[in-house]
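2 protein chains.
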Amino acid sequence: VSLHGHTSTTSRSLACYQTITRTLCEIAEWHFPQTVQYINIGGGMFGDVPPEMGFSETPTFDQYAAVVGEALQTSDWAAATKPTLVVEPGMAMSANVISLVTKVIGIKTIRNRTLVTVDASVFHAKPTQHSRNQPWTLIPASESARCCAVFSVVGSTCMEKDYLLTEVSGPLPQAGDYIQIGQAGAYTVVMSPPFINPAPAIVAPHGEHFKIIRARQTLDDMFKNYYFQK
Amino acid sequence: VSLHGHTSTTSRSLACYQTITRTLCEIAEWHFPQTVQYINIGGGMFGDVPPEMGFSETPTFDQYAAVVGEALQTSDWAAATKPTLVVEPGMAMSANVISLVTKVIGIKTIRNRTLVTVDASVFHAKPTQHSRNQPWTLIPASESARCCAVFSVVGSTCMEKDYLLTEVSGPLPQAGDYIQIGQAGAYTVVMSPPFINPAPAIVAPHGEHFKIIRARQTLDDMFKNYYFQK
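Protein chains in written order, with the working numbering: chain R, 1 to 230; chain W, 1 to 230.
Here chain R stands alone, though its shape is the one from the complex (with noise of 0.2 Å):
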């Protein structure tokens, strides 16, 4: 038998996940005491975040298993039966392990406001459309020198929100170039819809190269399962 506490909180403080175990422990002990093996905290901790994301002081993973283990050592409960602690952290785990790399396909200016478009969506960067800006680096295609400026990166569907950046400083990247925005493992990989741009690739490093992780859809795989009249 297991007992969950989960939270959607967006300041994952560390106050937070310590009145989870705490409260989890006490329900336990006053009303199941015979029966939890597991005590659940769910997920939605801070993983590895850079400081350009513009969050104050994030908790690290100790600092995070230091306030439960205390919370769990603190209880009586917890002491005598040693329950199995379970822990969710999906995003703070895997935020930070993959990249976009998304090639630039022009550039343009509208009332003083630079839009770089590329061959990607927001959905392959950060899928749940957040405003804060992910780090990123450009990857030129050419050595030609490329100015300052400040620019947002949007994406090649119709949609008004499909912003990957926002108002960004940095070299100006140009038609050809590639740019790669990281902290895009969380959900990307599950929430890139069959819209306009079909998912890309996922590769992984492999000795001194890269290894296939997913192919990149086509668009036999988006229309596979539709019925054409011929």
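It is worth saying that the hints were derived from the structure and are not from the lab.
Be aware that one or more of the hints could be misleading.
Stated by the list, open to error - Computed far set for chain R versus chain W, every beta-carbon distance over 12 Å: (1) V67; (2) G90; (3) P205.
Stated by the list, open to error - The calculated label-pair distances, taken between Cβ atoms and stated as ranges, are: (4) I107/W to V150/R: 27 to 37 Å; (5) V1/R to F55/W: 19 to 29 Å; (6) A149/W to S156/R: 13 to 23 Å.
Note that the coordinates shown come from a computational prediction; the quantities given were computed from them, not determined experimentally.
Glycine is no exception: its CB is placed at the ideal position from the N, C-alpha and C atoms.
Go by the hints and put chain W onto chain R.
Quick look at chain W alone, frame taken from chain R:
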């Protein structure tokens, strides 16, 4: 050569499309009188919206056509050059032609709120996750009486926002029943990501039966492009 005026208005008012048409005609007349052949006023119009969705009076296609036509007729440039009018009423045309039919998995009550869990997700009913309730009908699996209740219909993913219907009143569904949700034709077909629930089949009436337009997505489809290590 085509002149475009697209908007993402939420009012979707007649005045909006009148202004777009007039402005495009004026721009064409002043700046490109010899070159513009197409006037494209984009989309975003209301389609056939049922009253239970809570919009105040919505224009009909005839009313949109009247104001746009009037704007074209009063333009000397349009009268002389007879440009082709292009409209892109995707959502307006497609929203009401598809309903989602989803099976009830279970009912639970949490803090006096009744949640009906179904085997689809919000992506299959309204991918933009707007707050309006679409029209719906219960398709009971048995003849037993159902009490009237206030409840929400939630999907079977782990997302907090996975609400297909919010605080609606009507006969309380039972496990095994089906719920038909209307106005599900805009973007659901292309915006269902490979996330927990595979995309549903699409069927169309065909004589006295149905024919399959799109087969139900399988788990093999979802994982088709992945390379697994043996």
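Quick rundown of the hints versus the structure:
{"no.": "1", "hint": "V67", "result": "holds (24 Å)"}
{"no.": "2", "hint": "G90", "result": "violated (9 Å)"}
{"no.": "3", "hint": "P205", "result": "holds (15 Å)"}
{"no.": "4", "hint": "I107/W to V150/R: 27 to 37 Å", "result": "violated (52 Å)"}
{"no.": "5", "hint": "V1/R to F55/W: 19 to 29 Å", "result": "violated (48 Å)"}
{"no.": "6", "hint": "A149/W to S156/R: 13 to 23 Å", "result": "violated (46 Å)"}
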